[in-house]
Amino acid sequence: MIPKLDGVIDSHCHVPVSGHGGRAPREPADDVLSRARAAGVRGFVVVGVGETTLEARDAIGLAQRHPDVVASVGVHPHDARLCDDTMVDELRALARDPRVAAVGEIGLDFHYDHSPRDQQRAVFRRFVGVARELGKPIVIHTRSAGQEVLEILEQEGARDLGGVIHCFSEDLPFARRALDLGFDLSFSGIVTFKTATAIHEVGRFVPKERYLVETDAPYLAPVPLRGKLCEPAYVVYTARHLAELRGVAPEDVARESSDNARRRFAGLG
0 MIPKLDGVID SHCHVPVSGH GGRAPREPAD DVLSRARAAG VRGFVVVGVG ETTLEARDAI
60 GLAQRHPDVV ASVGVHPHDA RLCDDTMVDE LRALARDPRV AAVGEIGLDF HYDHSPRDQQ
120 RAVFRRFVGV ARELGKPIVI HTRSAGQEVL EILEQEGARD LGGVIHCFSE DLPFARRALD
180 LGFDLSFSGI VTFKTATAIH EVGRFVPKER YLVETDAPYL APVPLRGKLC EPAYVVYTAR
240 HLAELRGVAP EDVARESSDN ARRRFAGLG
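Residue 268 is where the sequence shown ends in numbering that gives the first Met the number 0, and the numbering goes up by one at each step.
Worth flagging that the hints you see were computed from the coordinates, not collected in a lab.
Treat the hints loosely; a few may be bogus.
To be verified - Once the Cα atoms are required to be at most 27 Å apart in a straight line, the calculated BS3-like pairs of lysine-lysine come out as:
#1 Lys3 / Lys193
#2 Lys227 / Lys3
#3 Lys3 / Lys207
Claimed, not checked - Simulated restraints, written as ranges between beta carbons of each label pair:
#4 Gly246 / Asp30: 33 to 41 Å
#5 Arg34 / Arg116: 36 to 44 Å
#6 Glu50 / Leu133: 36 to 44 Å
#7 Asp258 / Arg203: 16 to 24 Å
#8 Asp117 / Pro223: 20 to 28 Å
#9 Asp30 / Phe192: 23 to 31 Å
#10 Asp170 / Asp251: 19 to 27 Å
#11 Asp84 / Arg254: 40 to 48 Å
Ideal placement from N, C-alpha and C gives every residue a C-beta, glycine not left out.
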């Protein structure tokens, strides 16, 4: 039984949870969202990224059917090698939908390097431009590339857009710089891992007006469910652990993080 925490928002999830890494059979998105609502989750930012624009279309469709869901669309750095002018044009058009609250996740991933780094950089910069054109915030993915991500954000004038560093996994100096650039920090299940001491430090430090919580479902299930297929309902574990780190009540984290998510992502009720 998931311990209910009313009012929390999952600020970054991939729904439905089917087919990711071959770890799960297809499951209706409505079932996944219903379980989360039963655990107290009151909003979802569903991220549509993939090798084509199909995931973006699915995310938007979900947001159109569910008033507590908004979408974010973009090109994950893993897929930068597949991104051409046609894909950019299609995603730009899709992102104009009023149920699309942000552009992303975009950024750099130098850990896996599934796409050449020059292509990652070019696609990242291009979608910062798309976000500026549309007047929407951006959702950042960064892994083993933190300093360069910040440099590109500075060079592209992303301070005017703002956004979220999703699945925060950097250190305190990075956090300070990202906050100064106008980006909020979103904590995933990683913050529940005992070895994530640098992230714990940031979780204690971040101002109450500048943090969110997320699952990144179907990845990174929090303790005590680590290793299982993650789903949006599990965001309550992340929120509870962050509350323990911050020395506040879980309800405080639910309220603060959700207020921050609503400010950042238009359309979340």
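Structure-based check of each hint:
Simply put, Lys3 and Lys193 have alpha-carbon atoms about 23 Å apart, close enough for the 27 Å limit, and the pair holds. Distance check on the hinted pair: Lys227 and Lys3 sit about 19 Å apart at the alpha-carbon level, within 27 Å; holds. Between Lys3 and Lys207 the CA atoms are separated by roughly 22 Å; this keeps the pair inside 27 Å, and the hint holds. The hint said 33 to 41 Å for the Cβ distance between Gly246 and Asp30, and at roughly 36 Å that hint holds.
Between Arg34 and Arg116 the CB atoms are about 39 Å apart, so this pair conforms to the stated range of 36 to 44 Å. Evaluation of the 36 to 44 Å hint for Glu50 and Leu133 yields a failure: the beta carbon distance comes to about 23 Å. A hinted range of 16 to 24 Å for the beta carbons of Asp258 and Arg203 is consistent with their spacing of about 19 Å. At about 42 Å, the beta-carbon gap between Asp117 and Pro223 misses the expected band of 20 to 28 Å.
Distance hint check: the CB atoms of Asp30 and Phe192 are about 28 Å apart, consistent with the given range 23 to 31 Å. Distance hint check: the CB atoms of Asp170 and Asp251 are about 25 Å apart, consistent with the given range 19 to 27 Å. The given range of 40 to 48 Å is respected by Asp84 and Arg254, whose C-beta atoms sit roughly 44 Å from each other.
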